[in-house]
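Asker: These protein sequences, in sequence, are chains A and B.
Take the first sequence: its letter number 473 is residue 473 in the working numbering, and every next letter is one higher.
Take the second sequence: its letter number 392 is residue 392 in the working numbering, and every next letter is one higher.
Just so you know, the hints here were simulated from the structure itself, not pulled from any lab data.
One should not assume that every hint holds.
[As the list claims (entries may be wrong)] DSS-like, lysine-lysine: derived pairs with alpha carbons at most 27 Å apart:
#: 1; chain 1: B; residue 1: LYS274; chain 2: A; residue 2: LYS268
#: 2; chain 1: B; residue 1: LYS274; chain 2: B; residue 2: LYS240
#: 3; chain 1: A; residue 1: LYS380; chain 2: B; residue 2: LYS196
#: 4; chain 1: B; residue 1: LYS300; chain 2: A; residue 2: LYS268
#: 5; chain 1: A; residue 1: LYS479; chain 2: A; residue 2: LYS491
#: 6; chain 1: A; residue 1: LYS132; chain 2: A; residue 2: LYS116
#: 7; chain 1: B; residue 1: LYS196; chain 2: A; residue 2: LYS369
#: 8; chain 1: A; residue 1: LYS309; chain 2: B; residue 2: LYS83
#: 9; chain 1: A; residue 1: LYS369; chain 2: A; residue 2: LYS380
#: 10; chain 1: B; residue 1: LYS196; chain 2: A; residue 2: LYS324
#: 11; chain 1: B; residue 1: LYS274; chain 2: A; residue 2: LYS309
#: 12; chain 1: B; residue 1: LYS300; chain 2: A; residue 2: LYS324
#: 13; chain 1: A; residue 1: LYS230; chain 2: A; residue 2: LYS268
#: 14; chain 1: B; residue 1: LYS274; chain 2: A; residue 2: LYS369
#: 15; chain 1: A; residue 1: LYS364; chain 2: B; residue 2: LYS69
#: 16; chain 1: A; residue 1: LYS364; chain 2: B; residue 2: LYS274
#: 17; chain 1: A; residue 1: LYS384; chain 2: B; residue 2: LYS274
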Amino acid sequence: MTPILELKGITKRFPGVLANDHIDLSLNKGEILALLGENGAGKSTLMNILYGLYQPDEGEILVNGEKVTINSPTDAINQGIGMVHQHFMLIPVFTVTENVMLGNEAVKKAGFLDRKKAGDRILEISNHYNLKVNPDDYIRDLPVGVQQRVEIIKLLYREAEILIFDEPTAVLTPQEADELFKIMRSLVEQGKSIIFITHKLREVMDIADRVMVIRRGAMVGETTPAQADKQSLAAMMVGRAVNLEVDRTESTPGELVCSVENLTVADKFQNIVVDDISLEVYSGEIVGIAGVQGNGQTELVNAITGLQKSLSGKVTLLGEDVTKSSPRQITELGSAHVPEDRQADGLVLPFPVAENLVLCTYYKEPFAKGVLLQYPVILKNAEKLIEDFDIRTPNAFTPVGSLSGGNQQKVIIARELSRPIKFLVASQPTRGLDVGSIEYIHKRIVQKRDEGCGVLLVSPELDEIMELSDRIAVMYRGKIIAVVPNKGITKEYIGLLMAGVVPEEPIEFDETAVVEATF
Amino acid sequence: MSEEKKDLGQEILKEINQDQTPTEHVRKPFLGKAAIPLLAIVTGLIIGALLIAITSQSVYAAFGESIGKGFSTAFSEIGTAYKALFTGAIGDPVRMINALGGDDAKELRQAFNPFLESLVQSTPYIFAGLAVALGFRSGLFNIGVEGQLFIGAACATFVGYSITGLPAWIHMPLAFLAGALGGALWGFVPGFLKAKTGGHEVINTIMMNWIAFRLTEWLLSGPMTRPGSGGMPISPIIQKTAEIPQFFPSPIRFHLGFFMALAVAYLIWWLLFKTTWGLNLRTVGTNPRAARYAGLSTTKSIILAMSLSGALAGMAGAVQVLAVNRSMALGLSSGYGFDSIALALIGNTHPAGVVLASILFGTLRNGATRMMVVSSIPIDIVDVVQAIILMFVAAPAIIRSIYHLRKPKQEEQQIFLSGWGGQS
Chain A
1 MTPILELKGI TKRFPGVLAN DHIDLSLNKG EILALLGENG AGKSTLMNIL
51 YGLYQPDEGE ILVNGEKVTI NSPTDAINQG IGMVHQHFML IPVFTVTENV
101 MLGNEAVKKA GFLDRKKAGD RILEISNHYN LKVNPDDYIR DLPVGVQQRV
151 EIIKLLYREA EILIFDEPTA VLTPQEADEL FKIMRSLVEQ GKSIIFITHK
201 LREVMDIADR VMVIRRGAMV GETTPAQADK QSLAAMMVGR AVNLEVDRTE
251 STPGELVCSV ENLTVADKFQ NIVVDDISLE VYSGEIVGIA GVQGNGQTEL
301 VNAITGLQKS LSGKVTLLGE DVTKSSPRQI TELGSAHVPE DRQADGLVLP
351 FPVAENLVLC TYYKEPFAKG VLLQYPVILK NAEKLIEDFD IRTPNAFTPV
401 GSLSGGNQQK VIIARELSRP IKFLVASQPT RGLDVGSIEY IHKRIVQKRD
451 EGCGVLLVSP ELDEIMELSD RIAVMYRGKI IAVVPNKGIT KEYIGLLMAG
501 VVPEEPIEFD ETAVVEATF
Chain B
1 MSEEKKDLGQ EILKEINQDQ TPTEHVRKPF LGKAAIPLLA IVTGLIIGAL
51 LIAITSQSVY AAFGESIGKG FSTAFSEIGT AYKALFTGAI GDPVRMINAL
101 GGDDAKELRQ AFNPFLESLV QSTPYIFAGL AVALGFRSGL FNIGVEGQLF
151 IGAACATFVG YSITGLPAWI HMPLAFLAGA LGGALWGFVP GFLKAKTGGH
201 EVINTIMMNW IAFRLTEWLL SGPMTRPGSG GMPISPIIQK TAEIPQFFPS
251 PIRFHLGFFM ALAVAYLIWW LLFKTTWGLN LRTVGTNPRA ARYAGLSTTK
301 SIILAMSLSG ALAGMAGAVQ VLAVNRSMAL GLSSGYGFDS IALALIGNTH
351 PAGVVLASIL FGTLRNGATR MMVVSSIPID IVDVVQAIIL MFVAAPAIIR
401 SIYHLRKPKQ EEQQIFLSGW GGQS
């Protein structure tokens, strides 16, 4: 059978870089092909070529055995190729119907929009693939998972046969991701073909029919989930054996570093999102906060780091009451914060790496004398940290915004961990990063713990929590419903807690909870 | 004093070869960033030439006779106009060279007067442009420079004429500082409102403009009016001791204020790029959330930035009164406050860029006056040329496509990285 899509010898050069090096790829009808590779390996370049955003320097694209040229996304869609972007291209104040029609409007006579006709067709598509989307909802009212399904409908509405998913789970909660996988399955069962770009090994194992691995612009291997395991896939992806397990010795907790007593925090709509929480972190231990995203973790971290005011309760840091302290006072006490959203909170993207590396300490000796910044010292500091933390940047003057995500995160990690700190709050420290960077950052955090730092780790990725934490606190709907030592407990157990089920009580076996736990 | 400031001027010119942040200067050549503004200026002048040709009656008349004659008339019209613009702005090269060869000091000064006058015209632009640029760097759009300039001028004028008996070295700086303070107050109000209530600075500075215009009108025709002016809105003449000195006898108006402007530009560059305060302002201006995370006070930063910006605008007003007009009337500003927005953008919100853009605008304005006298081309053509230049600077894609320029490397790298998995 002719593959529905074939790429032959695709080569793309950027100044100084070979982004794609004679890549061959074939996609059969009705299969899910996972394209696995680290950030910067060249998978997005390849897909952008396929989607008409870039032109290849060499090589050809065949659809159904016929050679085609794709100069724009419009060409791509005409060839039946559609892409679900990682960041959605939707207009929040428009309805689902309006968003889907946009650029391909159904019209009545005299050019009036025919919302009814388009809406009916959307409903038909939605029912056919079990997407559960209401055409009349406004995008702004929909959860992220549903918005993604609207993106899928946009492609199906345009009769795409080949669907490219670019890191689709990056923005989803575990349940939504699981829902998405079901949808992808039903799409291929109905004869669509899918290319699934990811760097998450678990997802590949779960959903793909076939896996192709890209490293440094070249295709380095092809396999199936049945033949491979996570270890071997990671090795193919990174080009060396990767230690997925973190080397972690028994912790030796010392004195109390941070204590939270009966803390209550409201969000901007005055909903109570942190509800009477008490928690303690000792030096030399990592306390992991597990929980599905949006259960109050963000607000808890903000309250501890001084970014958000609490309604009641008390936060004590290194013996001092910091409930009403400013972020700077808290930092100066000897705490560090790796923020959840590195681009919005942690970095000033147009500023050079060197300035970002002193973002929290620029005003202090030796980086400033009085009001005068000491650029030679700032540069020297940057060069040292770039070396120590293996930050891949052309030089210390490069704007941090032009680095890859992993290296941006390393800038933050370097800045926060290089200070003499006694308390570290790490919020989703490896979100969206590749295996190599994750391994590295985990190692650094454990190292900080071994030096006697108390660490509060927040992550919706249960794997990360299980691997790093000495104690695990599970957050559910603004409450900590259990704190358990990370010894001899299973993911299923924590998963149940994450779903709000406290296992002491007799419970019915809840299937969704287990799904979450294994995520 | 002026010796030292000339050095500062040199310093600033040196900075032009550097990049936006002092840490970056190892990398890019000068033309990289200046290419777009320079080509925008060239294109603006070309379009201006076309406008001169198509608005000229004699060109139409000549085309009526024959096409060849039409073209030759058009070219000669443009030639006359731009020659007048050039000699009006810089001076007559022949006369300048002769004057340099001769030893008549007066002739020498007069030959170079057009050039010096261009610098005089540039001075308020530099202050006002810096005001807007500082605002932009701090994440604020100060559209109220014009109002702050009027208040600054009024304060400087008041101190300038009402206080007597002070020595010049106290009185002049005092009057100048009064101008800066007046402007700072006018900037502080919208800054305070923005920081404390979230009131948008664009709206509030526009409102403050109107208050400033009417307030100065009332001041000049009431409390501050010149005795015997018969109710005309004009202030008394300032004391001799408050004057910013002019270097040469009348009619050459070249004054110390130009070097003060260069010094202030240097100071602002130093503040923005060399001090913790500047880093503070720029961080809040670029990413307020990260600033909060890093423990900075956005409230303080906004108020400080608006006050400083207002102070600079106030200086623009003060320098015009103290150095050029020597009294205040309502015709004080030919829209310096609004032109300064363009200058800040053309200058890439960098103090050195603002100085260059201001000198360019001052030169164009000055030359246009002579162009109007010589070739009866309305001075408004310069407004149009200015507007075209600004449009091209604001929409660099047009200039890039006209001249087939590549996108700047920086941006390319950024696009390439994000497309290539920077954030995939």
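Asker: Could you work out which earlier hints the structure fails to respect and list their numbers in ascending sequence?
Answerer: The structure breaks hints 1, 2, 3, 7, 8, 11, 13, 15; every other hint is satisfied.
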